[in-house]
Each structure stands twice: as structure tokens, then as C-alpha cells.
Amino acid sequence: MNKLNKYLLFLIVFLAFVLRFWKLDTYPALNADEASNGYDAYSLIQTGMDQHGNSWPISFQSFNDYKPGLYVYLDIPFVKLLGLNSWSVRIPGAMFGVLSVLLIYLLVKELFEDDKFALISALFLAISPWHLQFSRGGWEVNTATFFLLAGLLLFFNSFREIKFKHKVTKLVLSSLCLVAALYTYHAVRVIIPLLGLSIILIYRNVIFKNIKPYLIFAIFSVVILLPLTHDLLSGGALSRVAGVGLFADKGPINRINEQRGEHSSVNGYFAEILHNKFVNYGLFFVNNWTSHFNGEFLFMSGDSIERNKVPETGEMYLIDLLFLAVGFIFIAKKFNNSWKFIISWLLIGPIASALTFQSPNALRSQNMVIPLTVISAFGLTTILNYLNGRKIWKFIGITFLALLIIWNFARYLNMYYMHMSKTYPYSSQYGVKELVEYVLQDQSKYSDIYVTNRYDQPYILFLFYQKYPPQKFQFHHTLTSRDDFGFSTVSDFDKYHFGPIDFTSIQNNYPNSLIIGTHEEIPQSANIIKRIYGTNGFEYFDVVSN
Amino acid sequence: MKIINKIFSSQGLLLIALVLAGILRLWHLGSIAPSLTPDEASLGYNAYSILKTGRDEFGKSLPIVFKSFGDYKPGLYVYLAVPSVAVFGLSEFSTRLPSAIFGILSIYLIYLIVRKLFANYKSLAIISAFVAATNPYLIYFSRGAWEANISITLTLAGIYFFLKSLDENKYIILSSIFFALTLIAYQGAKLSTAIVLLLLILINWKVFWKIKLNYLITSFVLGVIISIPIILTLFNGQAQRLTIFSVFSYPRLPEEIQTYSDGYFYLFHSDQLNYFRMVMSRWFNFYSGHFLFFDGDTANPVHTSPYQGILLLGDLLLLPIGLFTIFKNKLNKGTLFVILLLILSPFSAAISRDQTNAVRSLLTAIPLVIVISFGIYEVINYHKIVILAFIAVWIFGFIYFLDSYFVHLPAHNSNYWRYGYKQMVDYVTPLESKYKDIVFEQSFNQPYIYFLFYQKYDPAKYQKQANLVSSKYKGDVGFETKLDNVRFERVDWSALQFTNGTLVVTGPTIPPEVISRPEKYKFLYELKYLNNIDVAFEVVEVK
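Protein chains in written order, with this note's numbering: chain A, 1 to 546; chain Z, 547 to 1089.
In isolation and in its complexed conformation, chain A is listed as follows:
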């Protein structure tokens, strides 16, 4: 690696840092899941138990969705150091995002031994809309992707070690990282075993020539996975997975009935062979899987869930289409083991997401960003190599490509910072911070405070922003029973009550209360003492003193 490249790598990582940390605390607003992770970390520090009183859990009960727990533990030092606030909740995610940029550089270098290619990969990941979206915030998935990258890097690196001891050390470290990913996020629990299988298949010659260290790797991994296995088999985590799983979707079943009904003999041999659960769920699954390769998803509009996306922006830039196409063409010409691995990763990447019924889903398939970035970077590298040595074309070509990349990136920044919170004002919990700060000023005046539950899980944000003492909360609340999507919430703690605002009934039954509702829930003739606006200028709440 020459000196110039070192500077370039430093600049790229610095760019990654700026893009991930700039206005990290406020943009976008903190959402309920992040608040829950942060508050659980806070609660563990204070009491050794999570918000619901479970001591040092492996999965966090949270909204009864049993979040995989490692992120909360990684967050503990930051909450301890910086206190409970948006920064401390988000720094680990952003930090692992920056480190992932470094890791992709190392991984590409490890696999392809090409410095330029590796640098471009790092640059592309640094500015990737997909990677940025989930780096900016306390998203478990991004941390899992980091551990996955680290584990794979160490695993491939172990191929180079000749001494048994060194090889085993690297493999044990690799195992630790991969297992850490499994403790961090659901989707990788499907992806990593499949990636493992594909690695065994692709590198069978290397692995079976000297199998002993890999057996140690396998045994070690199994051992450190035991607590997770135990937790999954005994806890409520599986029910959450079932709640979003493909089989929770009744569409395929209804379709079976419809299709069999259209056959002349409904219970005929033919109707049953062609239209049954196996076939229909299979087709839904494969359809979901292919949807992650839709151009509309990748290059135009991204995920359909607002929280996971930037308006009018795909998971990648439109210009990536060109680089990916060139990349694929030249991969076909040189289909070595490293490419076999990258391609198999690309194919495996969306499988976990396809097993759920909201597809395509950028969150659950985020690991795809790595193979896609690598292929796209390979495309640009190939183009640059082609241009090299053609004087005038080199100049025109590079200028043209640079302008396109910069324009794509600039439009992304424009959309992210100037439009996202206005176009999707309900994608995150905007306005709640402002609300809690206001309520805290004079809550002592009221005996009851009624807050609308129109926006996701308000209780956790009230706990979070007022740093409510966990010991006072843990055993003094009840979780509601699960809703259709498998989530629970807390509707009462202290003097707070969360629910739909039936204004007149609350007004009549609870004198001396504070009523907080959305603009639509509050009659404008009421005694509104404050209107709460989010950072994006939207009016979110009307506060009524009763």
C-alpha cells in the first residue's frame, strides 16, 4: 500500500465518519426501538435489570418483541459515560458503521489483492444510502453487519496462516465475531449458517486439506452459542419471529382455496398437486426473494417502510446500475472462488428477509449492501482500468463518471437533510422530545397526564427523555397483551396514561389533568396551552390543561 492510498483511505474513513456523525443526535428523531435499547442499557447500569425487571437478559423483552440483546450491552459504556441521550444510544451504531467502511477495504483486499478496488469499495460503502440509513441510529442490523464483516475477514485471513496456532487464533476470533453477530440481530441467524455452507462448498479444497483448525472453530462456535440457543428455545423470542414470518401471512392459503375452486374438480389430484401450501408458500418466498433485486427497490424508491428510506432514493444510486452491470459482465469472465463467494452472498443476503411477509425489506436484507457495493466498486475499477492509458478518453471518462457520482450523492444529501423529515413526518418520533421537555416543566401541577398513543410506543420515550428511575418503573407497570403484529406496550405508569384520546370523556372524568393529543384528537375550542412542533416544523401535539 503506497502512501497516497493510505491518505485516501484515511480521507474515505473520515468522510464516512462525518456522514455518520453529523447531526446524529437529532436527525432523524429518535424512534421507540432506539429509546427502548437506550433505556434498557440505562436500567441495567442502575439496577442490573432491564425495564421489565429481567436481570441481564440475552434477548430484551422490550415491547414483547424480544430484541436480540448485544447492542444494549455494547451501548452500556456510552450511556454510562455520556448519560442517557440520543448521542449515547446512537454512537455505537454509527461507530460500527465507520469501522465497516474500514473492514470492507480490508476484506476486498484480502479476497482480491487489489488496492484500488478495495479503496473504491470503501468509498462506495461510505456514501451508500443503504449503509448510511442504518448507520445513523441505534440499529442492531448495522452492528450485526459489522461483526459479520469482521468474522469473514478473519476467517479468510486464516487461510494465509501456516502455523497451526496462528490459524486457530484467527479462527477463534472469527468465531467470536460471527457469534456476536448472531447475538445482535435476527436476520443474520439465517444468513450466517447459509454463508458458512457456501464457504465450505467453495473452499472445500482449502478446508478439508487441513480440517483440524476448522473443527476447533466449529466446536468453539457451538459452545459459545449455547446460551443463545437456550434463550431462543425457552424465551418468547420465537413467537416474535413467527409473528412476522411468512406463515403469518394468510394470503397463500386463501389463494389455494381460490385456485382449487377454479378447477372443475376441487379435490382432484391435479388441483392438489399444483395448489397446496408447499407450492404457494414456496412461490411467495421466491417472489419475495426476487423482489430484493427489483430495480425499483435498489435504484429508485427503496423500501416501502418510510422509516427505512429517504424519499425518491433507492438503496443504491442509479449510477450504481452502470457499475453493477459492468461488474457482473467482468465477473462472468473471471469467476474465481472469491467471486463465487461474493455472488453466493448476494444470493443468500435476502433469504432471511424473504422469509417474512413484508418484502422487499431494506432492514432485514441490509447485509446485501456488502456484496452489492463490492460488485459495483469492481465495475468502476474495471472501467477505470480500461480508461487508463487512453489519454483524452481517460480525462473525459473520469470527469463524466465523477460528476455523475457526485450528483447522485448530492441529491441524496439534499433528500436526506432537506426533505426526509418533511416528506415522512411520521417515520420517526418527531416532536416527542419537545413534548416531554415541555411536560416536565410543570407536570407537578397535574394529578394525571393523558397522552395519545397515535404514534408508536409513547411510554418508552417518556421514560427515556425524563431519565425516569428504572427501579420505580420495573415492577410498577403492566404490558398489554400482544396486538396483531405481536407487539405490546405500556399504557400506564406513574401519573401517565397512554391511549387513544377520547377528549370529552377524559375532560369530564379527570379534572386537573393534562391532556395531550394530536391536532385531530383535540377540539380546537379546548383550553390549549401549548402546541408542540417537531424539528421539521410539523405540529404534532396539542396540550390541554383541564
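Hints listed in this document are in silico derivations from the structure and should not be mistaken for laboratory results. Warning: the hint list may mix true and false statements.
What the hints assert, rightly or not - Each pair of labels, with its calculated beta carbon distance range:
id: 1; chain 1: Z; residue 1: K752; chain 2: A; residue 2: I273; range: 39 to 47 Å
id: 2; chain 1: Z; residue 1: P866; chain 2: A; residue 2: G83; range: 45 to 53 Å
id: 3; chain 1: A; residue 1: A402; chain 2: Z; residue 2: K756; range: 35 to 43 Å
Stated by the list, open to error - Simulated crosslink set (DMTMM-like; lysine to aspartate or glutamate; CA at most 20 Å straight-line):
id: 4; chain 1: A; residue 1: K422; chain 2: Z; residue 2: D808
id: 5; chain 1: Z; residue 1: K736; chain 2: Z; residue 2: D900
id: 6; chain 1: A; residue 1: K422; chain 2: Z; residue 2: E802
id: 7; chain 1: A; residue 1: K6; chain 2: A; residue 2: D114
id: 8; chain 1: A; residue 1: K334; chain 2: Z; residue 2: E924
id: 9; chain 1: A; residue 1: K250; chain 2: Z; residue 2: D841
id: 10; chain 1: A; residue 1: K277; chain 2: Z; residue 2: D841
id: 11; chain 1: Z; residue 1: K1089; chain 2: Z; residue 2: E1072
id: 12; chain 1: A; residue 1: K333; chain 2: Z; residue 2: E924
id: 13; chain 1: Z; residue 1: K1074; chain 2: A; residue 2: E258
id: 14; chain 1: A; residue 1: K422; chain 2: Z; residue 2: E801
id: 15; chain 1: Z; residue 1: K980; chain 2: Z; residue 2: D900
Here a beta-carbon is modelled for each residue, glycine too, at the ideal position from N, C-alpha and C.
Fit chain Z to the supplied structure of chain A, relying on the hints for placement.
Only chain Z this time, still in chain A's reference frame:
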């Protein structure tokens, strides 16, 4: 042994492919799809009218562009249907037969083109004949009076003779004629034919200009002469219907534009960029698994069969393998043509307002078939067990398609196919003399054309009374309001209650005040769609 050798010779296999294609395109052609669309009925009746009188339904003598519903259909299909209507009489089958025959011809032309483009790949041509014969996209549009299908066959002929002309120059004239005829076959052919022609010339740039000048000039002049009637429609307003279907006729709302006045409007949010995004997004939709394999053209359910894409499920594996095989080797003129055609041809659909539009992008069936053939070409070298697995997946996908088309389409999509008009005409016709007035629900389905078609209404008699009321919307289709004592109008019960002795044929929505007065309204008949659930028509007599 000799017989077996003969069967497996390329002629033998080609014959099998053609017979297979024939069976898949002709079997139950008249009854599946279950009914004629208004366009099909119009093409059929105009052919009948030409046959009997030499004039179209409006009395125009041998037109090249048919006014029809005011959409001005290029007329080649009508003339192709004349002999078939002459032989088989006016029926669904005879109306659809030209498309089916052209669909079978396509298989042979694809075989010829692939043999010419990829002489080095032995057996690729015969593979592509089988792929084309069993391809859902091509089968679907061969089974119905789809003008686009005629246009594809002509395009294939144009491509074949173009390639041939590079060796034997005189064929360029034939090529030009076929390309020009595509314009007379189908409205949407303008862009796709231009794409094909441009690609062929660019890819064979040097060889093309070595063609003898007099051949080039002759073919150019012939091409222009044939396309003149179509070129004229661009100026006399008859092509206005295209603007309704164009994506560029649907700008953003002012409120939406307002949100983007952030000081960077021209850099990041301009109208041009917005249209570009809309076109790209439709272009991407074409390549989605949703469209290609699983759901098909959900924006136009009449363009695909239920829960079936334009390709077979097995092609999900073969298509990427085919691309991989093509790119593994150095690109040559043939593969370059196929790849560029694959990229460019969906644009004819991408500029349409619909999210997907299978009929407009039908040309893409050709590069898809060839890429899939490359996939098979590669897979036959794999391990035996892998091949068996591929065969199993392929067979499942093929049966799934046959089931979707022949079993599910009639039941599931009969409403989209405008099922019921034939039955209603058959029901009403014997009653026409019994009632003073018959009111038939007016709709975009153009009920009058079904009366003409199924009554085999004397064209000479109709031509005198044809009176298409044009739509108040520019470029939209018009309406026929009256045929003898049958009036086509929006059923208005408050006015009808005073018209004793009227027969009313209406859609399924009957207001309660009609149902609650059996002394006034007598229900005579109810027709359901083929799913046996939804009602298509009700017949009521006003006493």
C-alpha cells in the same frame, strides 16, 4: 434406428417444435381466452365487413387505418383476418386465427435468426425454437387477436432478411417491406421497430454500407411508401390516443412540486428528471420477478394469465445462467444485438402510463427467449443429476403455466375479458321483435360491436346507420348509441320507470327501489362470470 435418427435430426426436431407450438396456440383457440375483447370483436367484424362489401364499418372503402372506436387501428390485422373469416365464417376462432398462425411462424423465424446469428453454437437454434414454442409470453399473445403479435412476427422476418441481406444484398428490400408492415400492423410498433432497425444498422455498420446503393434506395423508398398512411396519422390527429397512454401526459401535482422548491429545484427535482425517473421505474418493473415470473402484468390483467408471469418459473434459473454464459465469452455481433435489444425493447412499454404493459413490450420476448436458450445450452453440460433437477423444475413450471392459462384464466379473468356480451346478444336477439325498446348498458366495452359481431349484422345495412359519437375527451374513444331498437346508454332507472315494455340489460348494480317493486320490474335473467360468483349482467323488463 433410422427413424429415431430422423426425429433427432434438426429438421425433425424443428418440426416437433412447430407442431408443439401449433398445439399450444390452436387448441381451444376460440374458447380460451373465454371471450372476445372489444378490440378483437372490432377487428373480426371489420374483416367481415371488408369481405362482404369491401368497406369498413363506416363505409370507407379499403382503408389502411380503421377508425373503429375512434382509436384508429392500423389495418393489417383486418386484412389478414379476411381469408380466415371467409373460410371459417365470422367467429372467435376465425378472428384469432391470423395471430395464432403468425405466432407459429415466429418460432420458425426465431430458429432461422438464431441459426444465422450464432452459427458457432450448434443446437442453439433448435433449443430456441423449443423455448419460443413453450414461452408463455409468446403463447399468450398468439392466442387472441393481438395486433402486437403480428408486428413481432413481421419484425422477426425483417430481422432475418436484414441479416441475410448482409450476404445477399437483394434481401434488404424484403427486410424493409417487413419492417414497414409492422407499422401497419400495430400502433405501438413505431418505437420498437425503430429500436430494432437502429441496432441492426449500428451493429453491422460497416457491412451495411457495403450493400449496393440501388438496393438501399429501393428498400428505403418502398419502406417510406408503405408507412406513409401511418406517418400521416401523426399529423392528422388520428394518433392522439397515444398521448393518453403516454407517461408524459401525467405531470406532478402543483402541491408536490411546491414541496421541492428548496433552491435546488433545477438541479435535483426538475420535471425532466421526474419523467426520467418515471420511465426508469417502469423499465425496472419489466425486469422484476413479480412481472417476469410470479404475477405478470397486474396493471393490465388481460395481458397475462393469473399468478403467472411472462416466463416459466424454471426460467428464473435459466435466465441468469444464460446471461452468465453470454458474458463469459467475448461479445460478438449476435450477443451484442441480443443484449442491447433486451435492454432497449422494454422502453416501448416504459413510456406508457401503466406501471407495466406486457403487450407493448412484447418485442422483449425475443431477446428473453434467446438468453434462456443460452441458459439451456450451458446447463446441458452440467452433471446429470443437476440436469435432472433442472428438467424437474422446468416441467413443473410449464405445467403450472398450462394450468394457469387453460384452467384458471377463463374462471379467474373472465371479467377482464369482457365475458358475457356474447351471451347477452344471444339472449336479446330473439327478443328484439317482442320489445319496443331495448336499453343496453353503455360502457367502454363498446357493446354495439358485440351485436354486430354475433348477429353477423349485414355490414351494408350497418354502414348506413353507423354514427360514432366522439368522446368529449380529446383522443379518447367514442360511443355508438343506437342499433335498430337497441339503445346503448347509461341505465337511468328514474327515467326508465315510465317506459313500459322496455327490456333493460344492465351490469350487476341494481338499485333497491327497483328490486323492491316486483309489480313494476320483472327480473328475467342473470348471467354470472365464469368464476360463478360475480354477476356480469342482469336483464330486467319494465312492465
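Under the constraints set out in the numbered hints, which ones does this structure not fulfil? Numbers 1, 15, in rising order.
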